Amino acid sequence: DTEVTQTPKHLVMGMTNKKSLKCEQHMGHRAMYWYKQKAKKPPELMFVYSYEKLSINESVPSRFSPECPNSSLLNLHLHALQPEDSALYLCASSRQGTAASGNTIYFGEGSWLTVV
Amino acid sequence: RKEVEQDPGPFNVPEGATVAFNCTYSNSASQSFFWYRQDCRKEPKLLMSVYSSGNEDGRFTAQLNRASQYISLLIRDSKLSDSATYLCVVNMNTGFQKLVFGTGTRLLVSP
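Protein chains in written order, with this note's numbering: chain A, 3 to 118; chain B, 165 to 275.
Pulled out of the complex, with its shape left as it was, chain B reads as follows:
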């Protein structure tokens, strides 16, 4: 089983749609969780951290279910500029930071 698994997509949605991405991780001792966004031929950029209580940043909502080892990202009112690859990232509990990336889910928002 992969350490971090995501549906690779692509997800094709119209502007204004709501879209949800899911992610599962294998190491129950993992400490912290993130969603990164990566545009084509660019570096990954932190979108948001994911907290146990769930957290929201504008149109983006992240949720964590530790019991199920499941992370989600919800994007409301999709914009064209949201088109990118969304990477689920888990910080493995090794003492030192070891970010493990999922394969990413590609989102295409069309007019």
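One chain only, chain A, in its complex shape:
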């Protein structure tokens, strides 16, 4: 079982709604990530947080707003999404944020988002 916990597992929201996805890990990892995965496509990186600071933003639209309240928690705030934003949103964590040997990234089970 994954040690990265994501809630909710499923979310349906309207285009005018505001909702949040939540992610939690208790492995003492200092880097956390959001990935987006569309059907039959590979995961694509959205954001990287290292030591609670945003390190990478892959030119993600501002309707997605990440937040890292502490080293164990990562949120993704959603507002004014479009139907094409429907996807699996995967949270992940690793011991560090740098590309060091042995710095394995562990994924949560994901949150399935449907925008109607």
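These are calculated hints, taken from the structure and not from any lab test.
Check before you lean on any hint, since a few could be wrong.
[Stated by the list, open to error] Derived DSSO-like pairs: lysine-lysine, alpha-carbon spacing no greater than 30 Å straight-line:
1) A:LYS42 x A:LYS11
2) B:LYS166 x A:LYS20
3) B:LYS262 x B:LYS206
4) B:LYS262 x A:LYS42
5) A:LYS24 x A:LYS11
6) B:LYS209 x A:LYS43
7) B:LYS262 x B:LYS166
8) B:LYS209 x B:LYS166
9) A:LYS21 x B:LYS262
10) B:LYS209 x A:LYS21
11) A:LYS40 x A:LYS55
12) B:LYS206 x A:LYS20
13) B:LYS206 x A:LYS55
14) B:LYS243 x A:LYS55
15) A:LYS24 x B:LYS243
16) A:LYS11 x B:LYS262
17) A:LYS40 x A:LYS20
18) A:LYS21 x B:LYS166
19) A:LYS24 x A:LYS42
20) A:LYS40 x B:LYS166
21) B:LYS262 x A:LYS40
22) B:LYS262 x B:LYS209
Just so we're clear, the structure is a prediction, and the values are computed from it rather than from any experiment.
With chain A fixed as given, assemble chain B onto it according to the hints.
Coordinates of chain B only, in the frame set by chain A:
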């Protein structure tokens, strides 16, 4: 050229067969390499890291050729439970971890 390229398959093999997946990557400065496995509607899970000297974990063998920017995964004695999508993953050399996934190769093992 895509950053990480894989044959999408599907590869249909009988139980007990040996199957090989290949992957190429474009960034010669890439630092680390992995194979992840993803089951239908599940999260990706690390199968194994790939080291320059090649490495083996039970029925799975991974190889890396830095000169050719080529990664491979060999599965021996395939089991039904090996049916999944296998994702070649490259950690780009950006300082911070940036995993780039290939499109994945789907494996179907049949009785």
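- Numbers of the earlier hints that this structure fails to satisfy, in rising order: The structure breaks hints 2, 14, 15, 18; every other hint is satisfied.
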